[in-house]
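Asker: Protein sequences appear in the order of chains E and B. If you use our numbering, the first sequence corresponds to residues 3 to 488, in order. If you use our numbering, the second sequence corresponds to residues 3 to 488, in order.
Don't read these hints as lab results, they were simulated from the structure. Note that the coordinates shown come from a computational prediction; the quantities given were computed from them, not determined experimentally. It is possible that part of the hints are untrue.
[As the list claims (entries may be wrong)] Pulled from the structure, derived: some chain B residues nowhere near chain E, Cβ distances all over 12 Å:
1. Asp70
2. Gly114
3. Glu131
4. Gln218
5. Pro235
6. Asp267
7. Val398
8. Ala402
9. Pro412
10. Gly414
11. Arg481
[Unchecked claim] Pair by pair, the computed Cβ-Cβ distance ranges are:
12. B:Gly308 to E:Ser397: 48 to 54 Å
13. E:Glu131 to B:Asp267: 57 to 63 Å
14. B:Arg53 to E:Gly308: 24 to 30 Å
15. E:Asp236 to B:Met47: 37 to 43 Å
16. E:Arg43 to B:Arg274: 33 to 39 Å
From the three backbone atoms N, C-alpha and C, an ideal C-beta is built for every residue, glycine too.
Number of protein chains: 2
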Amino acid sequence: MLRIALDRDARVPLYRQIIDQVAAQVRAGQLSAGFRLPPVRQLAMQYGLTRLTVHSAYAELAARGLVDAHVGRGTFVSASALDQPDGRIAGEAPGIGPGVLAELLRMRERPGLLSFAQAAPPPASFPREELGAALQAAIADAEALSYGPIQGDAGLRSELVSVLAERGVRRPPEEILVTGGAQQGIDLAVRALVPPGGTILVEEPTYSGVLELAAQSGRRLAGVAGDAAGIRPDLLEAACRATEPRLLYLVPTFGNPTGMSLAPDRRRAILRLARTHRFYILEDDVYGRLAYDGVSPALAAEDSAGRVIYLTSFSKMLAPALRLGAIAASPGVLAMLAGAKQSSDLVSSSLLQRALALYLRAGHLQGHLERVCTLYRERRDAMLAALARELPECSVARPAGGLNLWLRLPPGVSERSVAADAIDAGVGVAQGRYFFPQPQPSGFLRLSYSLHEPEQIDAGIDLLAGVIRRHEGTLARARQVAAPLV
Amino acid sequence: MLRIALDRDARVPLYRQIIDQVAAQVRAGQLSAGFRLPPVRQLAMQYGLTRLTVHSAYAELAARGLVDAHVGRGTFVSASALDQPDGRIAGEAPGIGPGVLAELLRMRERPGLLSFAQAAPPPASFPREELGAALQAAIADAEALSYGPIQGDAGLRSELVSVLAERGVRRPPEEILVTGGAQQGIDLAVRALVPPGGTILVEEPTYSGVLELAAQSGRRLAGVAGDAAGIRPDLLEAACRATEPRLLYLVPTFGNPTGMSLAPDRRRAILRLARTHRFYILEDDVYGRLAYDGVSPALAAEDSAGRVIYLTSFSKMLAPALRLGAIAASPGVLAMLAGAKQSSDLVSSSLLQRALALYLRAGHLQGHLERVCTLYRERRDAMLAALARELPECSVARPAGGLNLWLRLPPGVSERSVAADAIDAGVGVAQGRYFFPQPQPSGFLRLSYSLHEPEQIDAGIDLLAGVIRRHEGTLARARQVAAPLV
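Next comes chain E alone, as it looks inside the complex (with noise of 0.2 Å):
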């Protein structure tokens, strides 16, 4: 029997309890497959719920696999409903609805599947020699093992001057944070510069990571289109205009999802309207050094006024697990910014940044970048040819860098039904409605070319392009017997 205990007064949306109460019962064996859920009617009224309240949770319920809904004959847990990976429960963490950050980490441990939907390295190429001497002479002085400086080791903070001066950032030391990794950096910023209900602006597209965040955190969102050369400035004017927003959140060097930089021009204009409405830039800047057709400096290099707040990390040009990255910044910021880390989680491991900074200090990451960056420009190079003969009908633009392509779907074909399909024919990809603020369907899909190799890549864009072609093909056919009609 289902039971449900709702929390009136909580935070989390009464239709979200439901789910969540639903998924667990299912999880745990207290209502088993073929189990019917009361009628939307029923439940509504027995916990004095509006019917669209229920409606809402089937529906969602429904989306992730865990009921079947048939028409006049009522809602049933799904047979198939445990078949969810372990990991499914932080995908139905609350706030925005689909989890799409745990919904890619997922994928990714699915066995067999060839992941697009994933910006990471792979693992082939992490460089686990040096990693693995590093930390042991780390680990070689106990105090490796005790806490650290909440701002982040001194010896690691001094390679990170050079690695920042790389992209025409100059920082001293004493105005560098150590975070674990951009998703880190990201929420630091937020908690120290955004006050709750405070405006976030970002670019449409932009990393889904930033829009869970906002909407988990009680900050507002609001997007800022761009175009083919970056987020537009006269839109981001009468953003400003419109909602005095505190930060702006830009990837502007091989964006994500679409890989495209922000164009110098428009750089300056940004700039600009930093310094006349006093918002800060959140520059993420992941993929800078991840150039392989050449790239221009960070904008924090162009900033003079100490409004952008620079923000890198070692996950993707080196390895997420070290789950280490670093923000610069001025001195008033930067205090703010440790305020925040160390109410988060105190210090990042002493461990880990001193054997990076060893691995720093040993010269080693110029080598691996230049490894890497040949990786993957094959790899995009293998993906963009393979989409030109495949699907010549798909738009898509080519990045100078970064791990991401943007790819444009045919008219009508629904990104939605192509991304399911697409995992049920082996490929993951991700959807393009995950990266705007308001998820609604995007037409794009983002490919990912990192974790594979070309004949993967080429296989995988068989199969994409297979699903794809049905698609169009039941969207040609509709067309038909539609036309009689009219």
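Model the placement of chain B on the given structure of chain E, informed by the hints.
Answerer: Structure of chain B alone, referenced to chain E:
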């Protein structure tokens, strides 16, 4: 010349903006030693501030040693303003005044200081050989350097089942979330369960990290007094009626800072209140396995209503630089916590998680805990003996585990002055007021006995006793001088 740019829309109070900017300019060398700050009245008029605002800023700058105030002459940048170590900036985080955790970590780095200020395991205790071997074994699998599941490595979560069972907490791996230490666990619970403006209840006194976090994140705090048997249920009930709390943060076993544990009958009363008033209890059990005179099971072990969120960490029992802890909670709550984890820093390091899993699987933890508990028992006894000998006038209770003693100072002796003079004498202590929601003189010091050997503890208590006796002497003389005037 002093230039200040105030942002009246910022979340940071104006007086703190002044502090941050003066501090930044001193550090940057723009204001040098001996520079005279504008008089309070002048700065207030110039920027349209109240004199109280400017006065508060100057007072805090003086308290930090950045400026010296000379009555009748003015306020000057201190000659020793630049003597602050590099990590200093972290202590200047806004939100709450003293930046206590930062201060503790900084003190810890001061060479030669006998530190009783930080509750941390001594570097000599770290099982470097076993952890080093586990790291090498983990890195042999390239996947260990990838992202992993948000909820945490499945292998580690399996091992955590038995770690939690040792404290009477029975949860399957699916109901466990890996966190970046206990501090992140607290942050996740606050993010997921307490809306901005919502109330967190804490015992008075309590762990200072939760106080800073609440202040920074815009949650309200309400303190509930405790006594030798822990938090008082009658006062807790009154606080529930007054504040409608979402969360009660507790350290029921070997509490921080007092070292005392919550009595069994109070545990039942508090669980009843959580059910009645429908709040969650966040049980911080970081000291639970550091028991050397017997221990009760965790509070979560008695919870049948899913009201207790159990939190532990390997920072105190093994090594802080692992930055790994765990939360166990009912599935619905865990899903919310996982969502918060994802937005905070995505995942904890797979490499460190897998290494810890290997260390636990090899059965190393139990032996390690026996060794460190022997060590800590000896150190506790050494400190209690030295205190009884040198400071019989100061009362102190005998903790059965954990790392902390709570020392009551003689009446009238200022903890702030004692703490400052103790550092000059070569001993770091934590002022009691840091552990209260409203920082005001508490008449207590927290003394952590974990970092030093018995002989050093003896020497440190001798030095501290000298400082306290000097303050008692000054007080006695002041009373003698004052007496004839009455």
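Asker: Does each hint fit the structure? Answer for all of them.
Answerer: How the hints compare with the structure:
1. The beta carbon of aspartate 70 of chain B is kept farther than 12 Å from every beta carbon of chain E, the shortest such distance being approximately 22 Å.
2. Glycine 114 of chain B, annotated as away from the interface, keeps every beta carbon of chain E farther than 12 Å; the closest lies near 15 Å.
3. Interface exclusion of glutamate 131 of chain B from chain E breaks down, the closest Cβ pair being 9 Å apart, not more than 12 Å.
4. The Cβ of glutamine 218 of chain B sits about 5 Å from the closest Cβ of chain E, inside the 12 Å cut-off, so the non-interface label is violated.
5. Distance to chain E confirms proline 235 of chain B as a non-interface residue, since its nearest Cβ pair spans about 22 Å, more than 12 Å.
6. Every beta carbon of chain E lies more than 12 Å from that of aspartate 267 of chain B, the smallest distance being close to 27 Å; the non-interface claim holds.
7. Every CB of chain E lies more than 12 Å from the CB of valine 398 of chain B, the least distance being 26 Å, so the non-interface label holds.
8. Listed as outside the interface, alanine 402 of chain B is consistent with that label: its C-beta sits roughly 25 Å from the nearest C-beta of chain E, beyond the 12 Å cut-off.
9. With a least CB separation of 32 Å from chain E, proline 412 of chain B remains clear of the 12 Å interface cut-off, as annotated.
10. Every C-beta of chain E lies more than 12 Å from that of glycine 414 of chain B, the closest at about 33 Å, which supports listing it as non-interface.
11. Under the 12 Å C-beta cut-off, the non-interface status given to arginine 481 of chain B relative to chain E holds; the minimum distance is some 41 Å.
12. Remark: the range hint 48 to 54 Å for glycine 308 of chain B to serine 397 of chain E is upheld by a beta-carbon distance near 52 Å.
13. Checking the proposed 57 to 63 Å range against glutamate 131 of chain E and aspartate 267 of chain B shows it holds: the Cβ atoms sit about 58 Å from each other.
14. At roughly 29 Å, the beta carbons of arginine 53 of chain B and glycine 308 of chain E sit within the given window of 24 to 30 Å.
15. Against the hinted window of 37 to 43 Å, the Cβ-Cβ separation of aspartate 236 of chain E and methionine 47 of chain B comes to about 41 Å, which satisfies the hint.
16. Hint check: arginine 43 of chain E to arginine 274 of chain B, Cβ distance near 37 Å, so the stated range 33 to 39 Å holds.
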